[in-house]
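For reference, the chains in residue letters:
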Amino acid sequence: MTNQNQTPASKMPEVETVPTAWQRFKDTHIWNSFIKDRVAQISLTIFMGYVIMALFAPVIAPFDPYDPTQMDIMNSELPPSWDEEMGEEQFWLGTDAQGRDLWSTILYGTRISLTIGICAVLLQATIGIIVGLIAGYRGGRVDSILMRFADVQLSFSTMMVAIVVLAIFQASFGTELYQDLAMVMLILVIGIAEWPQYARTIRASVLAEKKKEYIDAARVMGLGQIRIMFRHILPNTLSPILVISTVQVANAIISEASLSFLGLGMPVSQPSLGSLISSGFEYIFSGAWWITVIPGVVLVVLVLVMNLLGDWLRDVLNPKLYKG
Amino acid sequence: MIAFFIKRLAQAIVVMFVISIISFSIQDNLGDPLREMVGQSVSEAERQELRNELGLNDPFLVQYGRFVKNALQGDLGTSYFFKEPALDVILGKLPATLELVFGASLIIVFLSVPLGVYSAINPHSWFSRAVMGFSIIGISVPVFLTAIGLIYLFSIELGWMPSFGRGDTQPMFWGWESGFFTWDGIAHLILPCISLASIMLPLFIRLIRAEMMEVLQSEYVKSAWAKGLNPRRIYFLHALKNTMLPVITVGGVQIGTMVAYTILTETVFQWPGMGFLFLEAINRVDTPLIVAYLIVVGAIFVITNTIVDLIYGLVNPTVNLAGKK
Chain H
1 MTNQNQTPAS
11 KMPEVETVPT
21 AWQRFKDTHI
31 WNSFIKDRVA
41 QISLTIFMGY
51 VIMALFAPVI
61 APFDPYDPTQ
71 MDIMNSELPP
81 SWDEEMGEEQ
91 FWLGTDAQGR
101 DLWSTILYGT
111 RISLTIGICA
121 VLLQATIGII
131 VGLIAGYRGG
141 RVDSILMRFA
151 DVQLSFSTMM
161 VAIVVLAIFQ
171 ASFGTELYQD
181 LAMVMLILVI
191 GIAEWPQYAR
201 TIRASVLAEK
211 KKEYIDAARV
221 MGLGQIRIMF
231 RHILPNTLSP
241 ILVISTVQVA
251 NAIISEASLS
261 FLGLGMPVSQ
271 PSLGSLISSG
281 FEYIFSGAWW
291 ITVIPGVVLV
301 VLVLVMNLLG
311 DWLRDVLNPK
321 LYKG
Chain X
1001 MIAFFIKRLA
1011 QAIVVMFVIS
1021 IISFSIQDNL
1031 GDPLREMVGQ
1041 SVSEAERQEL
1051 RNELGLNDPF
1061 LVQYGRFVKN
1071 ALQGDLGTSY
1081 FFKEPALDVI
1091 LGKLPATLEL
1101 VFGASLIIVF
1111 LSVPLGVYSA
1121 INPHSWFSRA
1131 VMGFSIIGIS
1141 VPVFLTAIGL
1151 IYLFSIELGW
1161 MPSFGRGDTQ
1171 PMFWGWESGF
1181 FTWDGIAHLI
1191 LPCISLASIM
1201 LPLFIRLIRA
1211 EMMEVLQSEY
1221 VKSAWAKGLN
1231 PRRIYFLHAL
1241 KNTMLPVITV
1251 GGVQIGTMVA
1261 YTILTETVFQ
1271 WPGMGFLFLE
1281 AINRVDTPLI
1291 VAYLIVVGAI
1301 FVITNTIVDL
1311 IYGLVNPTVN
1321 LAGKK
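Residue numbers (our numbering), protein chains in the order written: chain H, 1 to 324; chain X, 1001 to 1325.
Only chain X is shown next, with the shape it has when bound in the complex (with noise of 0.2 angstroms):
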């Protein structure tokens, strides 16, 4: 077990020293840091002074070398634009990012369990005829797409629902500002969580059924019926134990592609989190900002990959911990 962790630690680093690299490569590439902070009126002259006073003249070793030692303080540099430190502003805004990722999550979870393992018992009914018809036009449907059609409906049409912003948050512990205690709060996560969740949620319904299905054609599975257990007994605690093996693998990888989506969505209903702003930094060209935004990301991709890998070796028994033939 201690041997796996330490792989899969060792891994992880290899992984953020080569996100490291890339980040810093834009850094020192990407655009003109002075252009974006100083007008067209300031002196060649002036411009240089600021350029050394930046260290931008330095050479790269140098820069980066400074760029590792300060990331591992917590220091990525100034954002061009807001003037505060890069990862307090990234920080700032991973709250509402966060949210809107976990009341995705729980639609997801609610509703792809029981529609899967029913559809995948019932495989004829014409109710799971119409839960599979319905995921393969969800799989394509674009996200963006379907959050405009909720907008459209939800907020032109019937007036429902806010259509954009977080509405009133509720400020809880380390000026981490919730959206889930407010009734407005709720009203404005609603339609952004279930277009994040529409575009995982077929996967998963379409992922769960085939699992359990094939996990009901098992012997096990024939011999508890032959033993005469209670249907519900087979369904629910034999089979759906094997049925969510392979689904907690799958889920690992989508909660980081949720986060890739998160930018989409959280555009389309200028949600104040990180993916909005990581396009607005882009089209500044706020080079530190980008950066930060890449690490803090890559990271949460590092975490959860491992997370996943830990939990999927210690609930499965088969799984060989330690790499050996």
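In isolation and in its complexed conformation, chain H is listed as follows (with noise of 0.2 angstroms):
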């Protein structure tokens, strides 16, 4: 971490200046547990590193494994470059079955599940937010009735209600119409079945706020309800947001490769992580474990790293999460 050097700096007797915005940073909770925690900064490296992966995925593959005519069949199946036997220097993670390099095919595949995974958040977040603010500011009537919903939506699975729309989406779709969109609905099912996770603690959060002076003085400045609610009771709860944002995110990426592995998430001429773990499946009776046990450790260590800084994140912030 390049941010350790420069610890040092802030103990030296400052001149009297005004703090930038760096400067104040520093003197945080936040930053100030994040020096001192060795597996926080180990998460958010690893992490940062899939993101960079993620977003240079073009750039760092040395092959565009959606390009057909850089696939070679006869180069299916091959191990990774340290077996001495049968693998070859231009592969060094090996081909999946349909002879595409696997290490590109995995960079592209962090690239479509970090995607889905953010917009999925994105959209459940903005959901969420709006419905929590609203039932917990409103509250009476309009709050029993969205919470009411948010129960009955919780009380069935994430998953069973994804697995169940997509699969009658793709039978009613047709497998080629609904491998152009798999992406759209991903982000659209995992966005929609995970809101109340949001609205609720959004609501806890409201509730407390809205007791408090400020409220009152906003309102006695006669500001407007939206105003309130997005500019001064916002801001507020974002410490909560943040902590089940980390989490979600990964729990967004696991519900995509699950759907995927199903074959209800995205097509394998297009694969994220499931779909290559799962298109491996069916190959690793015959030895070709590469193809599955590869990409699921990249999958498996960006969820944990994601899991740990959200660990991480409530504990520091500990904010009052909402209880199920």
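Because the hints were derived from the structure by calculation, they are not lab data.
Hints are supplied without guarantee of correctness; some may be wrong.
Pairs of lysine-lysine residues, derived as DSBU-like cross-links and limited to a Cα-Cα distance of at most 35 angstroms, are as follows [unchecked claim]:
#	chain 1	residue 1	chain 2	residue 2
1	H	Lys210	H	Lys26
2	X	Lys1007	H	Lys211
3	X	Lys1227	H	Lys211
4	X	Lys1007	H	Lys210
5	X	Lys1222	H	Lys210
6	X	Lys1241	X	Lys1227
Covered stretches of chain X, going by a simulated chain H footprint (3 or more residues, C-beta under 8 angstroms) [what the hints assert, rightly or not]:
#	stretch
7	1090-1100
8	1114-1127
9	1279-1287
Backbone N, C-alpha and C define an ideal beta-carbon position, used for all residues, glycine too.
Now that you have both chains on their own, put them together as the hints suggest.
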């Protein structure tokens, strides 16, 4: 971490200046606990590594897995290059059943998995924040109707809803059209199925914030309800949002992988990590372990570091999270 | 109590009604049953005749009325593929799935309570740290990867366990064939149950630990210590009781979730249960079977949620059963 080198500087006697944003950030609780927590540092480093892999996949990848002219069936199921007998130098992680370079495919797959995870959570957060703010701020009948809705939605597990909805869409659209829409469908389904998580947490914090004096002050000043909700209450509910978002992205990535594994997610021609594992599973019995194991490890490490970061954030920010 | 019961029952009926509407609109719009039933060589006139015979040309409301009337009599249509009543096909596979869920629940209950309580009592011991470390890894591994890993290790490399199917089953009452009473059946159950349990076990360990730690901070536990009670009595009688309250609620919801995850485990292990059947039905566009599955699973969700709410109301005296303010 380069950030660690800068820590001694903050201990030096400072000249009287207006503190910059960076200097103010260095005094915060979150930064102080970050520089003490080795696990959080490692997790963040690995996570940033993933983000860079995803963002620059087309630059890093030696091959383009979406380009059929670069696929050669003669290259299929080659083991990683450290296998002396069979491996080839140019495919360092081996190739999959269609002769695609596994390393390039994993880079593109990580990109797809992260995109779906983040977009789905953005959708969840948007719906959940709006519903939670309205339910918490307005209270009364609006509140009880919206929360009843959330209860019913939560009582059906996300996985169940997602499997049923996607399966029916696939059956009614036909597989080909479905494959073109798969990414949008995954984002929509995972995004819509999990909004109550946000709505309940936000509602709980809004109820706590609403009683405070600054809200009364804002109301006395004659500010509109929407302004009070979004400009005054929302910024004070950010820490629970941050904590659940980290964990929710991890969950969304797992859901996407599971759905793709069932054949309801990303198609093999545009594989996410889950569909890559799924396509490799057919070959694991014939000894081609790397098509399943390597993307599996990549997926687990990604989800693991996000969960570790989420745990760390929860301990540091210690928000009042809604308990089930 | 009765008012609470009626309220819950009304909510359950509303939810089932919504499920029936969704199921019916699926049945009405999804796929072309004729294409699945007859081959390419059947002429257009014969197709039309078959359509009329099946009632596929009737108006929407007539069809919905017929659907509800039949559904209430337990008739959810005939599976296009099996040529048998869809409900019978689903219920025939239900025991396999329930045994999977039951086996996984046993693993979860017998591991999560002692591990969670132990790591709450001794939060700094190396064993608790190992348990917590294991649990965060467990949360991060998708259930199908656990299943694949178990198959690879125990079936392919070591050859200790069978990798697919149910093995020998013992016929029980009402056509229930159980795998719990033969060694072969149990051997087939172990890996699928472990992988199904792996998704919930870490959640429960963490939940029980967190709740227990909170309870141990409370005043009444402190006063129990001050009275000089036996530590074992404090932990397992006084503290555990209040720890389990939130665990019951979460547990009820998770039983439903487990039914969803059986689809994944059953696919990996080719377990002949409802979930595997459902995916096959999707691929064959076997609409009556899809609808029957949705209704059976919906009913399982609604029943477990209702029962859990009632139990929670019974064991927790602070819940206001009648809903009065």
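We went through each hint and held it up to the structure:
A threshold of 35 angstroms between alpha carbons decides the hint, and for Lys210 of chain H with Lys26 of chain H the separation of about 30 angstroms falls inside it, so the pair holds. For the hint linking Lys1007 of chain X to Lys211 of chain H, the alpha-carbon distance of about 32 angstroms falls within 35 angstroms, and the restraint holds. In summary, the hint linking Lys1227 of chain X to Lys211 of chain H is not supported, as the alpha carbons are separated by about 39 angstroms, beyond the 35 angstroms threshold. For the proposed pair Lys1007 of chain X and Lys210 of chain H, the alpha carbon gap of about 31 angstroms is at most 35 angstroms, so the pair holds.
Under the criterion of a C-alpha separation no larger than 35 angstroms, the hint pairing Lys1222 of chain X with Lys210 of chain H is consistent with the structure, at around 34 angstroms. Note on Lys1241 of chain X and Lys1227 of chain X: the hinted pairing holds, with a Cα-Cα distance of about 19 angstroms set against a maximum of 35 angstroms. With 0 residues carrying a beta carbon less than 8 angstroms from a beta carbon of chain H, the stretch 1090-1100 of chain X misses the three-residue requirement, and the given coverage is violated. Coverage of the stretch 1114-1127 of chain X by chain H is violated. Counting CB-CB distances below 8 angstroms, 0 residues qualify, and the rule asks for three or more.
Under the rule that three or more residues need a Cβ within less than 8 angstroms of chain H, the assignment of the stretch 1279-1287 of chain X holds, with 3 such residues.
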